[in-house]
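Chemist: Let chain A serve as the given structure and place chains B and C on it in line with the hints.
In case you want the letters, here they are:
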Amino acid sequence: MSNGLKEMLLEFSKSYGPPGREEGTRKSIAKWVKPYCDKLETDRSGNLIAVKYANGERKGSLMITTHMDEVCMVVSKVLEEGYLRVEGIGLDPKLLPSQKVNIHTRDNRVLRGVIGMLAPHLQTKETKNKVSDFDALFVDCSMHDIKNFHVGDFITYEVDPLIVSSTVFTKTTDNRASCAASVEALRMLQHFRHDYDVYAVFSSREEVGAFGARTAASLLQPDAAIVVDMTFADEKVEGYNDLKIGDGPAIGKGPVPTRKVTRYIERIAEQYNIKTQVEPVPGRTGTDADQVQLEGIPVGLLSIPQSYMHNPYEKIELNDIKETGRLIAHLTCELKESEFCLGSKSREGER
Amino acid sequence: MYLKELSEIRGVSGNEVRVVTFLKEMIKELPVKPDSIKEDHLGNLMCLRKGKDSTKTAVLMAHTDEVGLMVTRIEEDGRLLARPLGGVDTRVMLGKRVLIGDDDIPAVISYKAIHNQKDPLKSPPRWSDIKIDTGLGDKKTVEKRIQIGDTISFDTRFEEYDNRYVGKAFDDRAGCSMLLRMMHEMEETPEHNIVFAFVVQEETGLRGSGMVLKHFHPDAVLVIEGTTAGDNPELKEARWSTHLDNGPAVNYLQGGYAIDRRLFEVVLQTARENKIPFQLKGRTVGSTDTSRTARSFYGAPGAVVNVPSRYIHSPVSVMSKTDFENTYKLARAVINNKNFVRVSYDPKTRGA
Amino acid sequence: MKELIKKLVEVSSPSGREDSIRETIINELEGYVDEYRVDAIGNLIVRKAGSAENPKKILLDGHADEIGVVITNIDKDGFLRIDPVGGVNPLMLLGAVMRFRSKSDGSVIRGIVSFESETARDLQNNYKNPSFDNLFLDIGATSKPDAQEKVSIGQFGTYDAGFIDQGKRLISKAMDDRIACAIIVQLFRIIENPVNDLYGVFSVQEEVGIVGASVAGYDIMPDMAIAIDVTGNSDTPKGFKRMDLQLGKGPAIKIKDRASISDRKVVDALMEAAEENNIPYQPEVLIFGGTNAHGYQLTRSGIPSGTLSIVSRYVHSPHEMVDYDDVINAVELLKRVVEKKS
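Residue numbers (the numbering used here), protein chains in the order written: chain A, 1 to 351; chain B, 352 to 703; chain C, 704 to 1045.
Just to be clear, a hint being listed does not mean it is correct.
What the hints assert, rightly or not - Lysine-lysine pairs mimicking PhoX-like chemistry, simulated, CA-CA at most 20 angstroms apart: (1) K759/C - K1044/C; (2) K389/B - K260/A; (3) K275/A - K495/B; (4) K760/C - K1038/C; (5) K100/A - K14/A; (6) K491/B - K244/A; (7) K490/B - K244/A; (8) K680/B - K626/B; (9) K130/A - K944/C; (10) K147/A - K952/C; (11) K39/A - K14/A; (12) K944/C - K77/A; (13) K759/C - K587/B; (14) K710/C - K944/C; (15) K59/A - K336/A; (16) K941/C - K760/C; (17) K587/B - K847/C; (18) K322/A - K34/A; (19) K482/B - K236/A; (20) K236/A - K587/B; (21) K705/C - K27/A; (22) K77/A - K952/C; (23) K77/A - K941/C.
No lab work stands behind these hints, which were simulated from the structure alone.
Values in this document were obtained by computation on a predicted structure and should not be read as measured data.
Chain A with its partners taken away, still in its complex shape (with noise of 0.2 angstroms):
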């Protein structure tokens, strides 16, 4: 199965999925979870929700939240001169110079832009100790007429992924791994039965503002949910516990998860020998669970440990999605009603 992984993996990956433009993603995960769920659709607001209904009496309904937006650019200005200016979406500057990119074009063709810099010998003192920022970058895209490219035009970044054994280095696992750990779940339940609907939502625009999870968990109500993103592993993080790659999922703690339902997932990762960790969250998580808990779900929240966020290269482990998409999977069976007072009537009475 682990080859099936990698290549559902990679294939996420390379898809084309900005902001409010996923449908290159759309169209890869719907193809990958299609086999595992019951109903596919996308709503009004860009979300891929793939539902697998229970088994027998239904007793309410779980949402599993796994964006499918990437970081990348936008073309904000076109020169005639046959370049570029950018707006970044989630991007370190740092990252950009030398770097090959894939220009979307309105017609929908992909075509190649380089992000350039001064080499060494033209550099002076001045210019060796800055770091361009967006004003400074720019994309050459003269390899083709200036006429392709306009105003809005979204950019990603080209790469090509390293594999070392179950270590995989590429773009975007961002939260595509993520992703492939909710459909990694969602076959697993093909052998278990659960009582609860689970609604696999691949969620649009979560790296401008979580618009499609909290829209999505408006729509669904579902009784609880779980946001499922990345965070820091194998690097140094002022003030914070270390995160390893390799030792599975972060569990968020925080005022934002749920209390219960964070106790839950401690408690079920420990009965089935899923190795995790604890991911401290003292205030806004910076994923769709902020946007579901205001719109008043119970949210829990699992990172999968990840080195160089927003990296051309980020770095993630196999393992750590299977074990990711093996924890969701029995979350959702273990569900019980009176887990954490679940049902319409019970989220307003005594906790």
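Modeler: Frame of chain A, contents of chains B and C only:
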């Protein structure tokens, strides 16, 4: 009412359980019980007193959470690093006692001796400089009793003087205390429905109050907050927020919301009619839950009355007793005022 | 349309105090709408029913509020302290005149802003680092009681700057966002029998945090919402080099700003209508700012939303400049979009 208890209870944003438990126990003792009590999954506690006119609903709101910290790292030597829950300045944390986790483990936040500092006044400490010492031992020992994610609160005893209260979390246990007292004293059926809403997670982004609009349909919301003063020698008077002893402070503009004009006028009118001294806030910084209720779901207009409280968001705040009493009187008069729930922007009924 | 624009921009209605502009707009729409209401927080919502068999619901939004200031303190000599209402750069207040309404007789009270300066150096520093902490407003009061007779703490005010018709270019305060309100009023006037259900929302408190538009769509849940707002420009000397927004090049069809990415359906509908009808337009990526589209996108199960912008110079100054042809073209473009049969 119960200001001392409410001030001392530990209830940092996201972990308000103890405050809610205490409130529920006090509600059991009320001479007239609420017609319904709802508690949602976040810990918002909403008590409804049905009114003679049940078509109109006013929500009176205070938040149960206080600012604090969260354990984010345990060092090898057993000391803890933390990050703030809500707006906490590092400068108020030095030299304090704190309590950690559900077991109330005590600890201190001390700093390297001044003798060993090259330039003691150079810059304020960073959060990574705030090291919390439990005295329990090394990382292995500490981990047996404290976990990443545990909440940390200030450890402050409440004190009472002639015209001053001194303690932590007056923002917003002062508000909670007033709601409790109002429920206690509300022996008759109110004119219109009144929902007493004790909401959570205000300090970490106004994250609890929106839920009230899912359970009730308020015509207006009145928030009671503990607000900044700034009336000290280091800030010029023109930029004070409020002045202690000048009475409850009324907002007209805050972060994210301009207080509803009609409700603002009802508050001022009510104060004047009942001869309750009041002041207008001198600053528009900060936010309250009315910013959330105005923009959530279908939206509800709101107003705020504040009890001035010096040094909020620190381990020790100072309030005026007369302000506290007058804020209570004003809030009570406003929430019972039938004009509070009869504001309408319909141009045919302008002047309301 | 210039008369209409002039009427709307000259009303003084900052965020949270939109009574006057609401009343003005209701008067301007008299006889042109089937119904109107004002919701709980003050949004003015007007509607004209569509004649199609299965009419779509299309919502057009222009925010009724403008930026301004609020009085926070009256000192012993009658000088006022102010705080901003919305994004007001204190530098913009220097040399501007501010306007309040006298509480004693309703007349207009005007005030001048200046900086504290105990020394020349103080003054220089305050110019370099302007902040509301070190400026004050002078309404020419002779004493504190004199000031208190005219204004109160908690009173809101705006720029005092009138409408200037330079022919092709129009200049005024509050083009942001009365130009949109004018466009919507104009549309309701010229579309006599709409195909689709047309909703016009004159929303409140956009400038302090997109408050009105977060709730205005809740009961309507239209098929599409188009926010109309001003946007920045890059066409002044050494203007923003990373953007491409020019006066006179047509209304701007927004792809992205810092608050939202426009729904593809809305962008496509606008671009198609523009191209089919030879209406000039410019695609827009704004590297700061946001519009009410954000609020509609987050409403309930989501409303496909985008923004049509009017390029404007000197936004949030007392004298915002737009191109009249851009405005006319925006009206024409929107008319085509809302009238399109599904």
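Chemist: All hints, please: hold or fail.
Modeler: Hints versus structure:
{"no.": "1", "hint": "K759/C - K1044/C", "result": "holds, 9 angstroms"}
{"no.": "2", "hint": "K389/B - K260/A", "result": "holds, 17 angstroms"}
{"no.": "3", "hint": "K275/A - K495/B", "result": "holds, 19 angstroms"}
{"no.": "4", "hint": "K760/C - K1038/C", "result": "holds, 14 angstroms"}
{"no.": "5", "hint": "K100/A - K14/A", "result": "holds, 14 angstroms"}
{"no.": "6", "hint": "K491/B - K244/A", "result": "holds, 19 angstroms"}
{"no.": "7", "hint": "K490/B - K244/A", "result": "holds, 18 angstroms"}
{"no.": "8", "hint": "K680/B - K626/B", "result": "holds, 10 angstroms"}
{"no.": "9", "hint": "K130/A - K944/C", "result": "holds, 19 angstroms"}
{"no.": "10", "hint": "K147/A - K952/C", "result": "holds, 18 angstroms"}
{"no.": "11", "hint": "K39/A - K14/A", "result": "violated, 25 angstroms"}
{"no.": "12", "hint": "K944/C - K77/A", "result": "holds, 8 angstroms"}
{"no.": "13", "hint": "K759/C - K587/B", "result": "violated, 57 angstroms"}
{"no.": "14", "hint": "K710/C - K944/C", "result": "violated, 35 angstroms"}
{"no.": "15", "hint": "K59/A - K336/A", "result": "holds, 8 angstroms"}
{"no.": "16", "hint": "K941/C - K760/C", "result": "violated, 43 angstroms"}
{"no.": "17", "hint": "K587/B - K847/C", "result": "holds, 18 angstroms"}
{"no.": "18", "hint": "K322/A - K34/A", "result": "holds, 19 angstroms"}
{"no.": "19", "hint": "K482/B - K236/A", "result": "holds, 18 angstroms"}
{"no.": "20", "hint": "K236/A - K587/B", "result": "violated, 43 angstroms"}
{"no.": "21", "hint": "K705/C - K27/A", "result": "violated, 49 angstroms"}
{"no.": "22", "hint": "K77/A - K952/C", "result": "holds, 14 angstroms"}
{"no.": "23", "hint": "K77/A - K941/C", "result": "holds, 15 angstroms"}
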